[in-house]
Every structure is written in C-alpha cells, then in structure tokens.
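Enquirer: Given next are the chains, with one letter for each unit.
Number of protein chains: 2
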Amino acid sequence: MSNQGFYPPQRLLMGPGPSNVSRRVLEATARPTIGHLDPLFVDFMDATKGLLQWLFRTDNALTLPVSGPGTAGMEACFANLLEPGDEIVICRNGAFGQRMVEMSERMGARVVVVDQDWGRAVDVDAVEAALSVHPDARILAFVHAETSTGARSDARALARLAREHDCLSLMDCVTSLGGIPVELDAWEVDAAYAGTQKCLSCPPGLSPVSLSERAAARIRAREKPVQSWFMDFSLVMSYWGGGGKRAYHHTAPVNALYGLHEALLVLQEEGLEASWARHERVHGELVAAMEDLGLAFLVPADERLPQLNTVKVPEGVDKAAVRAQLLDEGIEIGAGLGPLAGKVWRVGLMGESARSESVARLHRGLRQALS
Amino acid sequence: MSNQGFYPPQRLLMGPGPSNVSRRVLEATARPTIGHLDPLFVDFMDATKGLLQWLFRTDNALTLPVSGPGTAGMEACFANLLEPGDEIVICRNGAFGQRMVEMSERMGARVVVVDQDWGRAVDVDAVEAALSVHPDARILAFVHAETSTGARSDARALARLAREHDCLSLMDCVTSLGGIPVELDAWEVDAAYAGTQKCLSCPPGLSPVSLSERAAARIRAREKPVQSWFMDFSLVMSYWGGGGKRAYHHTAPVNALYGLHEALLVLQEEGLEASWARHERVHGELVAAMEDLGLAFLVPADERLPQLNTVKVPEGVDKAAVRAQLLDEGIEIGAGLGPLAGKVWRVGLMGESARSESVARLHRGLRQALS
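Those sequence lines, one after another, are chains A and B. Everything in the first sequence is counted per full-length UniProt numbering, starting at 1 for the first residue and increasing by one. Everything in the second sequence is counted per full-length UniProt numbering, starting at 1 for the first residue and increasing by one.
Hint data in this document are derived by calculation from the structure and do not stem from the laboratory. Computed from a predicted structure; not experimentally measured. Any given hint could be a false lead.
The list treats identical chains as interchangeable, and a pair is accepted whether it falls inside one copy or across any two copies.
DSSO-like cross-link-like pairs, simulated, lysine-lysine; straight-line CA separation at most 30 Å [unchecked claim]:
1. K224 - K343
2. K224 - K319
3. K312 - K224
4. K312 - K245
5. K319 - K343
6. K319 - K245
7. K343 - K312
8. K343 - K245
9. K224 - K245
I would like the entire structure built from these sequences, with the hints used as guidance.
Expert: Below is the structure:
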C-alpha cells in the first residue's frame, strides 16, 4: 500500500483518448464542490444542457451528460431503446461496433450484423440491403468515428436509411463530436452518445447523450421498464429535465460537470467550425510527417478521420519498443486493438492535442525511435 | 445558453452529501490527465486499490472504484450477484432499501422485503424470521447507514445471519464508510459498495466496491452473463485486476481517481479510528446544539448515525424557508425524503464537514432562522 501522493507527469497525449486537458479546464474541475440540488447548481445544469444542445446541433429536450464514461452513455442508449426480442441492425467495422453487438445480445435483442473490414467506412449499400430483408428492425446502430480503426462513416446517409426503413438511428459519436461535423437535427439522428475525453479535451468520466422526440416516445412506450435503474432515462430526466424543480435520482458528479462546462465554453470561444477546420489542418500536417518517415495509413484517404489515425507498423519494427521510447519522451500514442493489435499505431489528434506542435514533436520522436 | 464561467461559492455542506472537499483533494483532481493505460497510471491503480482494501478492512482481491456514482456501484453489485429468478431478502427501512427493491425487481429477482419504520434500525429478529421461512434466498441485502433517515443498523449481526442461512450478504455502506466502523473481513460481509462524496470528502462520481471470494465465485458460476456489459465485474476486473498487464474495458475517470487517492491518503494520515472518533465527538456537539434550540431527533439515541442526523421540523415552522435562509448564510442542510418529506431536516457531519466549527455555524444559523 502506497502512502505517497501521485504526481503524474505532463504527457503529450496522442493516443485514442484521453487527449490533453488544458490547465483552464482542470482548474474548473477544482472549484468548490456544492450540492447537486443547490439552486445555483440547478441553473448551472441548465446552462450545461444548453451548451450540449449547441454542441450536438440539436433542440432535443433529452440532452444530458450521463454520469459515467462513454461506455456508460452507450449502454444507457441501448438499454433505454431496446426491449428483449427487438430486432436491431448493427454496422460492425471495428471494436466499438463489436461492443454494440455484445451489449445488444446481453439485452436480449435479435441482432443483425452488417460486417465491414476493420479500417473501412460502413458500406451504406450493404446496410440498405440488410434493412430491406429485415423489415422488422427497429434500430439501426453505427459508429460515426471508429476509434479502433480511424475510419469515418457517412452518418447522414445512414440516418436517412434508418428513417426510410422506419428505424431509429443510434449513433456512436464518441470520437467525432467536436472534431468533425456532427449534426443531430439536420441529419435526423435519433440517439447519439459521446465521451468527454476525445475532441472535447475534458477528463474522462462523463458521456454526453441526446435523444430525439421519436426516441423519447419509444422509451415512453416501453412494455417493460429499463432493466437498469441507474441508466433509466425516464428517471434520470426527473433530475436533468430542466425548468425548476429537480427530483433526486443519483448524486451528480458535480466537479466533473464543472470541467465539461468549461471545456464547452472553450470550444464555443473557438467556434465549432473553427475546431473542425483545425483538426483537418493538423491532420494534413500529420499525413505529411508520416509520409516523410515512409509510414503508411491503414484507412483510404477519403474515409479517414482527421482526429484518429491508424499508422501501419513497418515490417521488422518492434511496435511496443517504439511506443515505450516515445513515452520516455513524454509522448503517448496508442496500440492497435483486436485484429489490428501489433499491426498499427493509433495516433490521436483530438481537441487540445490537435496542434502543429504535437505533430512536430511526434515527427521528431518517431524519426529517432525508428532510426 | 450561458457563455459565462461558473464560479460556485464556498458552501458549508451539511446535507446528506456531498460533504466539503478540501483544497488538497480538489487540487489533486486538477493534476495533468494521463492515459488510462499509461504504466504510471497502472501502478497508481494498484496503490488506489491497496488503499481501498485498507479502508474496507479487507483482503478481497475484487476491490475497486466503479466508474460512476454510488448508485452505479450499487447497481453493479446487484447486477453481478443476482440472476433472474433468484430469491433475495431485502431489509427496507428507508429510501435506499426501497431502491434495492426496485433494482432487484427490474433484474427479475424474487424479492422478499423485511420492512421496518423509517428512522429505525433494521430489526435483526425479523430478518432471521424471514430467512427461516425463505430457505432458498441467496442474498441478504441491507443498508448499514440509511442516508434517508439517519438510522444505523447492526451490520455485523446481519452478515452473520446471512452466513448462517447460506446467503451472501450485500451491504450498502455509502454513508458509513470512513465515518463509523466498517469491517468487511471481520464481519464476513460478501459485497459492499460506497460513495466518495460522504465521509471520504471527495467529489461525487466514484463508487468503491469490494466483493469476497465467495461473491466472486458466485459471479463466475453465473448461468447467464450480467446484462450490463459496462458493470460486468468479470470484464471490469480485466482492467482493475492487478499485477502487470491490463486489458482495456472502458476509459477510467483518471482525474476523479486522483482525487479519491488523495482523499484516502488524507484519511490514512488521520487514521480510521481517529476519523470514527471525530465523527462521534462532533455528533455529540450537534446533539447538544439541537437540544439547546429545543429540536428533537427522529432516530432513537442508540440507533443514530453520528454522520447523518434527522432533526424534526418543529410544528408551525416553514421548513423550506429555514433551509433557504441557511443557504443564504452559506450553509446547506438537506430536506426529508419520501415519507419524511416536510417532517425532518437532514444534517450531515461527514468527512471534512464533521468539525466543531460546522456545528457552531449551524447552531448560530438555525437559531437566527428559527427566531
């Protein structure tokens, strides 16, 4: 048992998340804790909710930060929208599509999987074909930005398909939100969940979610209550519902919410479009730097995410030794997951980490490590 | 939509939680975020786990902070230990016993409730009678410290009963841990969950849990996987398991864990026994102060928790106006919950808030508000 304080070093976080958190956001999390039912806190919740609606580009009333990491927000969306026996079509082109399958199966859903190679965007035509032969499907679920592969899928087209086939669309935008366009209302997405530790550059631990009125109606019409009391949106909304009186459900993570609120203010000051443009520009710099080192990307250029890049490990290179050497220099990059383990490095350019200086440091560090 | 920074005031938090968080702990949460798979973080996790074992007074290997508030840790324990159709005996003497019932019913358990008046300890004899006529019961669940009423139950006796009747014991110690003795190994408790925002004086958002080898064996022997992927301890332990390699499950709330670790160091420096004694001493001062104001307690003296006190609202007093006036003075106390709404105030003396100065300020504030 250690009895020493923990003083983490200042890393340059260029893995799949968390990304770097600014001093400004960290200091916001350290403001005095107040009660989760304090009238000042209730006003603050309304402000946070408004900022999340702005971020998701939606008027959805059911927009809130789930009190847990992205995986909790993900499970909350599936748990509220799925009933046992429901049919769901899931697009699986990476680890998070696979996670959707596992969660849905545990909830007793009938799962139809549309597989695609890891490293490629979801095949919209294949999804349309699957929906055509599964007319009973109630939900189409997909990952907008696959953190395990760096592939970007066409969320607008998939949401449109869902609507044409009378399905709700359920979108993972954990890694996309803040880094590339996410337009819930314009795309008519019914449910979306995200994380705070990617392009929002907030500490991990909260999951912004937003559900359309169609999705909310589906929840109200459930035959059985959600199995999870903690995640049941009909209960959570009695606290987050907005307007005056709030009923106690669980104790909100007060200080983590301070950090999220401040991170959203930072993003608002920069502007969403400006943030998207910055991620795109720095991604261009990364591509040039990797090409300079003779390194190739897994994902075809027109399907790449700017904020999450899978770079192929060259033949004969000890991938773990390179990551360890970079970490010695204070730079974290990520390893490959699942079938990509050992084959790629994952280089994140998210939020505060999406800076020209980050690319320059990584360029130098990788050149040394590979020499 | 607000675009202003949120600067909460410094409250004296004397409600049912959160309690006051020291500057030292808040500053720990604001240390630089590092990756959840960083080797330094993995060592830090081992240290945190060691401190939690010390806190729970246990050698249980399955000891970890769940990545969510107390309610998430609660649901995780029930979800892992219960299978559909299992019989469970639940002691209900307040709002959190009622929550146990609701969660267990949603999970498809057959629930036997042993009711007791709100404001009283669980009746051990009634529980023994219930276990005798329900020999198939697999779990006995109870709340050690009922936050809704301020009643303290005999956890040791209840855990012993569970063992005699071949049940696992499942204990809510959200409000007891750190404030009064909690002895998992000496009492042979099989599963316990807590929160960080009570006597540990940490921001809300994490839930320390600990399960015995008997409980872990029950989980390994499940016929069906836990419905919740997020809460499945067999998956969570692949990350928190200890010793070397950790598998990614979900992104840990890195900065919140810094705060918990620091709060545990603070408690270790004071000493657990000294903390218990301080809570007891300050409770005595509160009793004297309330008696001085002619205020009575709901709970009989020998069943009272030192850290959570339900004080009866006198006839003819506007209970909400008193709370509002105290809040104007910067002092938060809690309202009554459920059947106690309007009848009591809940006065917390938890962790950093359990100080003679807190009682003195509340004494002055209440005298003014009641005059």
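Enquirer: Okay, which hints does this one fail, numbers in order?
Expert: 1, 2, 3
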